[in-house]
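Residue numbers (this note's numbering), protein chains in the order written: chain A, 5 to 180; chain B, 5 to 180.
Be aware that a few hints might be false.
Here are the simulated EDC-like cross-link-like pairs (lysine to aspartate or glutamate), alpha carbons at most 20 Å apart as the crow flies [what the hints assert, rightly or not]: (1) B/134 / B/104; (2) A/151 / A/112; (3) A/160 / B/112; (4) A/169 / B/131; (5) A/133 / A/149; (6) A/83 / A/73; (7) A/77 / A/88; (8) B/77 / B/104; (9) B/160 / B/172; (10) B/77 / A/104; (11) B/160 / A/119; (12) B/169 / A/103; (13) A/107 / B/59; (14) B/107 / A/172; (15) A/107 / B/50; (16) B/107 / A/60; (17) B/169 / A/60; (18) B/77 / B/155; (19) B/107 / A/81; (20) A/169 / B/172; (21) B/160 / B/60; (22) B/107 / A/119; (23) B/160 / A/172.
What the hints contain is simulated information worked out from the structure, not anything from laboratory work.
2 protein chains.
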Amino acid sequence: MKKISFLLLAVATVAAAVVFTARASRRTDQEIAPIFVTTIPPGYREWRLISVAHEEGNLNDIRAILGNDEAIKAYREAKLPFPEGTVIARIAWRHVSSEENNKVFGRDQSFVPGDAPPWYLQFMVKDAKKYAATGGWGYAQFDKDGKPGPESDMKKCFPCHQAIKDRDFVFTRYAP
Amino acid sequence: MKKISFLLLAVATVAAAVVFTARASRRTDQEIAPIFVTTIPPGYREWRLISVAHEEGNLNDIRAILGNDEAIKAYREAKLPFPEGTVIARIAWRHVSSEENNKVFGRDQSFVPGDAPPWYLQFMVKDAKKYAATGGWGYAQFDKDGKPGPESDMKKCFPCHQAIKDRDFVFTRYAP
Chain A
5 MKKISFLLLA VATVAAAVVF TARASRRTDQ EIAPIFVTTI PPGYREWRLI
55 SVAHEEGNLN DIRAILGNDE AIKAYREAKL PFPEGTVIAR IAWRHVSSEE
105 NNKVFGRDQS FVPGDAPPWY LQFMVKDAKK YAATGGWGYA QFDKDGKPGP
155 ESDMKKCFPC HQAIKDRDFV FTRYAP
Chain B
5 MKKISFLLLA VATVAAAVVF TARASRRTDQ EIAPIFVTTI PPGYREWRLI
55 SVAHEEGNLN DIRAILGNDE AIKAYREAKL PFPEGTVIAR IAWRHVSSEE
105 NNKVFGRDQS FVPGDAPPWY LQFMVKDAKK YAATGGWGYA QFDKDGKPGP
155 ESDMKKCFPC HQAIKDRDFV FTRYAP
């Protein structure tokens with residue numbers, strides 16, 4: 005009887021150890037391989053405006069940041085974290101001088117959207133469970149043909165956004 | 005009988021001359037004094053995005069151009085002139101360097117909307133009859149408190165927009 009009890013305890017201990025190891029390894033895998041968004045959220049071009057921005061340097065683009073209804077509501081109510089289902093869209097165009105505008109104004113001052121750069125479309129999709137490895141946000145990038153960005157680029161999203169965890173990982177503020 | 009006919013003719017001529025003069029003077033008055041839009045079109049912040057822009061020089065702003073349903077439909081179908089009821093909204097914010105973004109990126113590259121300049125909101129409202137004196141468009145400007153721009157400023161709108169009559173007086177092109 006004593007022998008059987010010891011055997012059962014040993015089996016249970018080994019089983020528990022196996023389960024624990026499997027769980028830990030799964031968690032580690034998830035941290036190493038975050039999940040990215042691979043389809044363009046439909047209808048994003050109909051969404052309302054959150055803000056605009058201009059990035060200089062290597063990017064040299066001008067951009068609009070749009071949000072679905074969940075995003076706009078949360079922004080206007082200044083509610084953090086953003087609720088499940090929030091999607092934020094960022095459209096970027098090359099920042100180009102507008103010859104036709106400048107001709108009318110009589111001076112070089114007007115910059116407008118040019119062609120789509122390779123980082124044309126970016127999205128952040130809130131799903132706390134699915135994207136747990138990257139702070140509850142799934143990241144996405146697409147070029148003008150709808151082709152997703154290379155995984156090597158996508159892996160750079162979260163490390164940068166992580167720096168603004170207290171703003172729920174979102175850079176853009178609402179422009180009133 | 006001949007005398008009466010002559011008198012009637014004289015009276016009719018004078019009357020016609022009076023009517024003609026009144027009409028001509030009314031037309032001249034309208035050309036001299038265009039009608040401006042003095043109320044902010046309601047709900048403009050819910051409208052869809054047409055494009056974005058950055059103006060350097062004295063303006064130094066970053067802007068979003070939004071359109072009501074009539075505007076968006078006409079833009080997407082590339083239809084000119086814009087239909088009656090079209091309203092185009094232009095929101096401008098001061099173009100400011102984002103310290104909080106630059107800190108994360110490790111370089112000065114990010115520009116975002118700052119405060120509202122005195123030319124914060126501008127609108128173009130299409131009503132061919134009401135705004136006949138200015139190409140069928142009524143112009144408007146408001147500061148952040150909703151105060152309309154001074155008439156001296158408003159008189160500068162049409163002379164500039166007149167240069168692009170073949171685009172129905174609208175500078176902004178649709179950013180896809």
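Structure-based check of all given hints:
1. Proposed proximity of residue 134 of chain B and residue 104 of chain B is contradicted: the alpha carbons are some 47 Å apart, above 20 Å.
2. Under the criterion of a C-alpha separation no larger than 20 Å, the hint pairing residue 151 of chain A with residue 112 of chain A is inconsistent with the structure, at around 35 Å.
3. With a C-alpha separation of about 19 Å, the suggested pair residue 160 of chain A and residue 112 of chain B falls inside the 20 Å cut-off, and the hint holds.
4. Restraint check for residue 169 of chain A and residue 131 of chain B: the C-alpha separation of about 49 Å exceeds 20 Å, so the hint is violated.
5. Among the hinted pairs, residue 133 of chain A with residue 149 of chain A is inconsistent with the structure: their alpha-carbon atoms are about 30 Å apart, more than 20 Å.
6. In summary, the hint linking residue 83 of chain A to residue 73 of chain A is supported, as the alpha carbons are separated by about 14 Å, within the 20 Å threshold.
7. A C-alpha spacing of about 12 Å is found between residue 77 of chain A and residue 88 of chain A, which places the hinted pair at or below 20 Å, so the restraint holds.
8. Restraint check: the Cα-Cα separation between residue 77 of chain B and residue 104 of chain B comes to about 38 Å, which exceeds 20 Å; the hinted pair is violated.
9. In summary, the hint linking residue 160 of chain B to residue 172 of chain B is supported, as the alpha carbons are separated by about 17 Å, within the 20 Å threshold.
10. Of the supplied pair hints, the one linking residue 77 of chain B and residue 104 of chain A is violated, its CA atoms being roughly 24 Å apart against a limit of 20 Å.
11. Our distance criterion of 20 Å between C-alpha atoms is broken by residue 160 of chain B and residue 119 of chain A, whose separation comes to about 31 Å.
12. With a C-alpha separation of about 17 Å, the suggested pair residue 169 of chain B and residue 103 of chain A falls inside the 20 Å cut-off, and the hint holds.
13. For the hint pairing residue 107 of chain A with residue 59 of chain B, the CA-to-CA distance comes to about 14 Å; that is within 20 Å, so the pair holds.
14. Of the pairs offered as hints, the one joining residue 107 of chain B and residue 172 of chain A holds, with about 17 Å between alpha carbons and a cut-off of 20 Å not exceeded.
15. Distance restraint check for residue 107 of chain A and residue 50 of chain B: the Cα-Cα separation of roughly 32 Å exceeds the 20 Å cut-off, and the hinted pair is therefore not satisfied.
16. With a C-alpha separation of about 15 Å, the suggested pairing of residue 107 of chain B with residue 60 of chain A holds against the 20 Å cut-off.
17. Taken as a hint, the residue 169 of chain B and residue 60 of chain A pair is broken in the structure, with Cα atoms around 33 Å apart against an allowance of 20 Å.
18. A hinted pair counts as satisfied when its Cα atoms are at most 20 Å apart, and residue 77 of chain B with residue 155 of chain B does not qualify at roughly 31 Å.
19. Proximity of residue 107 of chain B to residue 81 of chain A is assessed by CA-CA distance (about 26 Å); at most 20 Å being required, the pair is judged violated.
20. Between the alpha carbons of residue 169 of chain A and residue 172 of chain B the distance comes to roughly 47 Å, so the proposed pair goes past 20 Å and is violated.
21. Restraint check for residue 160 of chain B and residue 60 of chain B: the C-alpha separation of about 19 Å stays at or below 20 Å, so the hint holds.
22. A C-alpha spacing of about 28 Å is found between residue 107 of chain B and residue 119 of chain A, which places the hinted pair above 20 Å, so the restraint is violated.
23. Distance hint between residue 160 of chain B and residue 172 of chain A is unfulfilled; the C-alpha atoms sit about 45 Å from each other, more than 20 Å.
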